[in-house]
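Here the protein sequences come in this chain order: A and B. Under full-length UniProt numbering, think of the first position of the first sequence as 1, with each following residue one higher. Under full-length UniProt numbering, think of the first position of the second sequence as 1, with each following residue one higher.
No lab work stands behind these hints: they were computed from the structure. Some clues are possibly wrong.
Derived lysine-lysine pairs resembling DSS-like cross-links, with alpha carbons at most 25 Å apart [to be verified]:
no.	chain 1	residue 1	chain 2	residue 2
1	A	165	A	107
2	B	194	B	122
3	B	183	A	290
4	B	265	B	290
5	A	250	B	85
6	A	329	A	165
7	B	195	B	71
8	A	290	B	116
9	B	410	B	673
10	B	657	B	410
11	B	242	A	250
12	B	325	B	397
13	B	85	A	446
14	B	71	B	227
15	B	696	B	686
16	B	410	B	385
17	A	290	A	276
18	B	338	A	290
19	A	165	A	285
20	B	133	A	250
21	A	250	B	194
22	B	325	B	338
23	A	290	B	194
24	B	191	A	290
25	B	71	B	85
26	B	216	B	116
27	B	85	B	195
28	B	306	A	290
29	B	133	B	122
30	A	290	A	329
31	B	494	B	441
32	B	171	B	191
33	A	446	B	657
34	B	82	B	227
35	B	145	B	133
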Amino acid sequence: MQETVTTSALLDPSHSSVSTQDKSSTGGHTSSTGPQPSKPSITPVSAKSRNPHPGANFHRMRRIIAEDPEWSLAIVPLLTELCIQHIIRNFQNNPILKQMLPEHQQKVLNHLSPDLPLAVTANLIDNENYWLRCCMQRWPVCHVAHHGGSWKRMFFERHLENLLKHFIPGTTDPAVILDLLPLCRNYVRRVHVDQFLPPVQIPAQLRPGDQSDSGSEGEMEEPTVDHYQLGDLVAGLSHLEELDLVYDVKDCGMNFEWNLFLFTYRDCHSLAAAIKACHTLKIFKLTRSKVDDDKARIIIRSLLDHPVLEELDLSHNLIGDRGARGAAKLLNHSRLRVLNLANNQVRAPGAQSLAHALAHNTNLISLNLRLNCIEDEGGQALAHALQTNKCLTTLHLGGNELSEPTATLLSQVLAINTTLTSINLSCNHIGLDGGKQLLEGMSDNKTLLEFDLRLSDVAQESEYLIGQALYANREAARQRALNPSHFMSTITANGPENSVG
Amino acid sequence: MNPPGSLAGLDPNLDEHLSTQILAPSVHSDNPQERIQARRLRIAARLEARRREALGEYLDGKKESEEDQSKSYKQKEESRLKLAKLLLCGTELVTNIQVAIDIREIHRRVEEEEIKRQRIEKLENEVKTSQDKFDEITSKWEEGKQKRIPQELWEMLNTQQLHCAGLLEDKNKLISELQQELKTKDDQYVKDLKKQSDDICLLLERMEEQVKNVMKTFREELYNIEKAFEVERQELLASNKKKWERALQAHNAKELEYLTNRMKKVEDYEKQLNRQRIWDCEEYNTIKIKLEQDVQILEQQLQQRKAIYQLNQEKLEYNLQVLKKRDEESTVIKSQQKRKINRLHDILNNLRSKYAKQIKQFQEENQSLTLDYKRLVLQFKELQKAMRHFALIDDEKFREIWLMNEEEAKDLIARAFDVDRIIHTHHLGLPWTAPDFWFLKNVGPISQQPQKSATQIVEEMLMHTEEEEAEEAASEPESYLDLPKQISEKTTKKILMLLCDESGFLIESKLLSLLLPLEQNECYLLRLDAIFSALGIESEDDLYKLVNFFLKYRAHRLSSSLQIKSCSQASMEKASMEETSMGSELELAEQTEMEGAKEESLVEGEKEEEEETPPSPWDIHPNDVLKILEAFVMGLKKPRDSRAPPRVQKNMRNNSKDSEYWQALTTVIPSSKQNLWDALYTALEKYHIVLTQRAKLLLENSSLEQRNTELQALLQQYLNSKINSELQVPPTQVLRVPTK
């Protein structure tokens with residue numbers, strides 16, 4: 001009772017201002033959230049705001065009530081309703097939530113505006129429904145599944161992503177991000193940034209200049225083209241698990257310059273230091289960022305003996321044999337389960353070093369060397385390694401200039417190995433004989449579920465027969481999965497894997 | 001947003017959708033394992049059904065249901081396969097683009113590499129040539145410095161310029177070429193971009209198409225499956241409905257049947273009830289009457305019973321009293337009996353202990369008695385021995401006494417005879433002849449003939465024969481032995497001699513050797529002794545039996561073989577003897593005696609004609625001796641066995657004749673003679689008395705005389721003694737006085 005009295009007392013002095021504010025907010029409110037607020041709550045407010053004289057108002061109301069034939073007690077809002085309304089209206093200044101009863105809390109949360117400053121809401125509100133509204137308001141397309149099914153986490157992750165994407169070193173205040181840090185540190189687990197903007201002055205200088213010159217002159221000013229240093233942010237996020245970075249500029253349009261896409265050594269060092277300091281990181285992805293051997297080695301060195309890292313994705317870079325050798329070293333100095341070096345420049349020596357590391361590895365499940373150039377020597381080395389490996393399940397060797405010798409070795413591996421479930425040899429020159437040998441190998445295998453031989457010069461007949469064998473294996477796997485437990489993930493899981501890979 | 005993002009965004013949704021779609025059928029079929037099990041069972045059932053069908057049974061309903069069940073499952077399986085295929089093909093179709101781009105990229109890279117290599121080569125060549133040219137130019141500059149002639153210099157400069165221009169031109173050409181290449185590359189890049197965007201568009205299209213397709217097929221399949229299930233359900237419903245209706249109809253029919261049945265039954269029961277009611281009424285009446293009668297009777301009986309009851313009560317009370325008394329009595333008796341029992345128990349115990357004691361005692365007694373008995377037996381034996389001894393001694397004594405008495409008697413008799421003779425001769429003056437009585441000759445006890453052993457007899461016999469031989473049959477052998485059965489000695493001897501000769505085997509060889517130096521008679525004697533001991537002949541009887549046996553045998557032979565002129569009497573007697581061979585001993589003895597006598601006569605008769613006819617004993621062939629002996633031994637054994645018991649009686653003397661004998665002895669003097677003697681005695685007595693009186697008187701006289709003398713001597717003695725002198729008054733004086 002006292003509370004209500006005080007609130008009503010407080011309400012009086014700042015009556016007009018609050019009312020106006022309310023009016024605007026309610027207007028926005030209604031527009032955004034639709035017909036959620038009940039009508040009776042609005043009517044008195046509007047009545048109050050309209051009439052500056054309370055006395056006249058009172059008389060008129062009294063008269064109206066007396067004469068209103070439809071008047072009934074049901075129309076009169078309850079005091080709790082009124083209080084809740086008030087709390088909602090003044091939430092930004094006086095956030096009261098935890099002290100209320102759960103039903104009232106719910107009511108308040110249902111009516112709160114998503115535009116409230118994060119400083120107020122971030123650590124106070126855990127209700128998913130509120131954050132859902134926030135997300136839906138900001139982004140038209142939302143995939144909660146990508147953010148662990150939590151709308152709040154999604155909101156903060158995407159918010160942070162947005163900020164990072166549009167952060168321009170030098171011009172933007174780093175405090176913008178660092179202020180956010182205490183609010184979002186408990187909710188952000190995944191940072192996915194696919195664009196880092198370079199400092200703004202250089203593009204400004206260069207913008208008037210010719211595009212033809214930019215190539216030559218951009219190189220000159222390379223040292224200044226450093227991007228945002230993630231160190232502080234990563235150190236601040238206590239639950240960070242996934243870091244997905246692309247040092248790239250999107251939608252540059254006609255402002256294209258080579259130096260927009262530079263991943264400098266300083267960037268590299270700072271990133272390496274950041275990920276080394278982050279002991280919760282499980283997945284690290286650095287793609288399409290022109291990472292060459294040296295930078296790759298710097299990053300990999302920082303990842304050596306990382307406690308929890310499970311997945312490393314360095315696809316679409318410029319990594320050569322030395323980088324591959326570094327990755328091979330990393331394989332046996334971490335708990336890495338997935339390694340993706342697709343679309344790099346790994347050649348036979350790199351593949352051999354990877355094979356050497358793979359021979360006795362017991363962690364790695366998936367290895368992707370798509371669009372490299374390991375050729376037969378590397379392929380044979382990998383096949384030899386697979387004869388002793390008992391862990392790897394997925395191997396992608398598409399587009400690696402492999403030919404018949406690798407196929408013969410792989411067919412032997414197929415007969416022995418019982419862990420491999422998926423092999424991709426598409427876009428190689430396996431040849432007719434290699435296809436036959438692979439078919440022979442397949443006839444002894446009962447575990448392989450996928451075997452991609454498209455565009456690899458294999459005879460259609462053997463490809464078809466291999467497909468039959470795979471089908472039989474899949475059926476067997478399905479039966480196996482059905483019998484011990486009621487899961488049937490093998491076949492249904494195939495589709496998405498394929499599309500993603 | 002950007003297409004890959006949207007695609008990536010779309011994909012998971014789709015995947016989820018797909019996965020749920022595909023998962024759905026398997027989830028719907030609740031337990032997959034169960035499903036598999038069910039499938040197996042169904043297969044088994046189907047096989048079974050087929051078999052049954054072959055056998056002729058047709059189970060349509062069951063089969064239909066099975067087919068229905070399989071329809072939905074088939075549909076599900078079909079859709080699953082179809083969808084899997086669709087997904088696989090779709091993903092392949094979508095990824096085909098990627099693969100194609102990959103391979104294009106690879107080709108591009110290869111080409112690029114080739115071009116790059118060519119370009120580098122070209123550039124290197126260019127660098128080399130331009131360097132050469134440049135070197136040439138620079139060398140020419142040196143050359144130019146040496147040139148002094150302007151024209152030459154100019155010329156040279158020109159050429160230099162030309163060269164430079166050429167170099168520059170080359171370079172420019174190269175640059176322009178490179179720029180051209182760049183431009184083409186740009187174009188190609190633009191083309192590639194376009195192519196890539198096309199590809200992406202294619203990819204998007206395909207993806208969309210795939211998504212659409214998948215959605216559509218999933219919907220279709222879902223619809224199909226649902227339809228299949230629906231159809232199945234409908235069929236199931238229809239069949240169930242049919243079944244239900246059939247069941248309902250059957251039920252209705254049954255219900256109707258039951259109803260009619262019930263109606264009928266109700267009618268029946270009503271009829272029965274009516275009948276029953278009437279019958280019951282009648283019965284009720286009769287029973288009522290009967291019961292009333294019964295009640296009356298029972299009341300009467302009750303009265304009677306009451307009376308009896310009272311009587312009984314009284315009786316019972318009386319009985320009760322009696323019984324109570326009896327009970328008391330019985331308790332008293334009981335206690336008494338108990339006491340008695342206790343007492344008896346005590347007694348019993350005592351008796352038991354006594355009994356035990358007695359048993360012990362008797363055992364001891366028994367032991368002592370047995371010991372006594374043994375001792376007594378021993379004593380008895382000793383006694384017997386002693387008795388035997390005493391018997392012998394008694395015999396001896398008896399004999400001695402007998403002899404003594406006999407002697408005495410004979411003395412007395414002799415004295416009597418002497419007295420008689422003296423009386424006869426001296427007192428009477430008559431001649432006296434000595435009476436001859438048989439008993440006077442008797443010496444020793446009567447009939448106490450000792451059983452002589454066979455050998456003794458033989459010895460005697462032999463001696464006798466010797467004597468006879470010596471005397472030359474001077475005296476006929478008139479019973480030289482006091483035996484009642486006399487066989488002629490000669491025959492006996494002959495027989496014995498024959499026996500002795502023939503049965504030498506019975507004698508021990510040692511004995512034979514010892515016998516050699518002896519006399520013929522002794523030799524015979526010893527031989528016979530040995531033979532008799534071997535044959536078991538002990539006594540005289542046995543010997544005679546033997547002899548008789550021999551004789552009988554011979555007689556038998558004689559009668560049978562030889563028709564001798566000998567009198568038929570003998571033969572008759574022999575025959576009679578044979579008939580009564582087993583007669584009494586006495587008879588036999590008499591007969592043999594008679595025979596012996598006859599034989600004697602016969603022998604005597606024969607003796608005269610010795611030469612003419614061989615003597616009968618010799619008639620026995622030596623060969624027959626053994627046979628005879630054998631038969632004899634066989635015969636002898638039998639009586640011998642039965643003879644043992646009466647042997648004791650043998651010792652009992654026959655004393656019947658003794659009294660006779662002694663009586664006879666007393667009556668040696670006949671009564672007449674006694675009378676004579678009595679008379680004589682009286683006479684003599686009288687004479688004696690006279691004589692004695694005389695003697696008496698004589699004796700009296702002599703004694704008186706003697707006494708007188710004695711008294712005189714005594715008086716003398718007294719008077720002469722010294723005492724008389726010492727005495728104051730000597731008796732002598734006194735005496736003298738009186739006497740004096």
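For the pair we were handed, residue 242(B) and residue 250(A), check the Cα-Cα distance against 25 Å. violated, 72 Å
Taking only the CA atoms, is the gap from residue 71(B) to residue 85(B) under or equal to 25 Å? Given pair residue 71(B), residue 85(B) holds - Cα atoms ~21 Å apart, limit 25 Å.
Does residue 194(B) sit within 25 Å of residue 290(A), going by the straight-line distance between their CA atoms? The given pair, whose Cα atoms are some 23 Å apart, holds under the 25 Å limit.
Would you mind confirming whether the straight-line C-alpha gap from residue 410(B) to residue 385(B) stays at or under 25 Å? With a Cα-Cα distance of about 35 Å, the restraint between residue 410(B) and residue 385(B) is violated, given a limit of 25 Å.
So if I understand the rule, the pair passes when the alpha-carbon distance is 25 Å or less; does residue 133(B) with residue 122(B) pass? holds, 16 Å
For the pair we were handed, residue 85(B) and residue 446(A), check the Cα-Cα distance against 25 Å. Cα-Cα ~20 Å, so holds.
Given the hinted pair residue 290(A) and residue 329(A), is their Cα-Cα distance within 25 Å? holds, 21 Å
Holds or violated: residue 250(A) with residue 85(B), Cα cutoff 25 Å? Violated - the C-alpha atoms of residue 85(B) and residue 250(A) are around 38 Å apart, more than 25 Å.
Taking 25 Å as the top limit, are the C-alpha atoms of residue 325(B) and residue 397(B) close enough? violated, 92 Å
Hey, residue 265(B) versus residue 290(B), does the alpha-carbon distance stay inside 25 Å? violated, 35 Å
Residue 85(B) and residue 195(B): Cα distance at most 25 Å? Violated. Residue 85(B) to residue 195(B) sits at ~30 Å, over the 25 Å cutoff.
Does the alpha-carbon distance linking residue 171(B) and residue 191(B) stay inside the 25 Å limit? Roughly 29 Å between the alpha carbons, so the hint for residue 171(B) and residue 191(B) is violated.
Going through the hint list in order, the structure does not satisfy hints 1, 2, 4, 5, 6, 7, 11, 12, 16, 18, 20, 26, 27, 28, 31, 32, 33.
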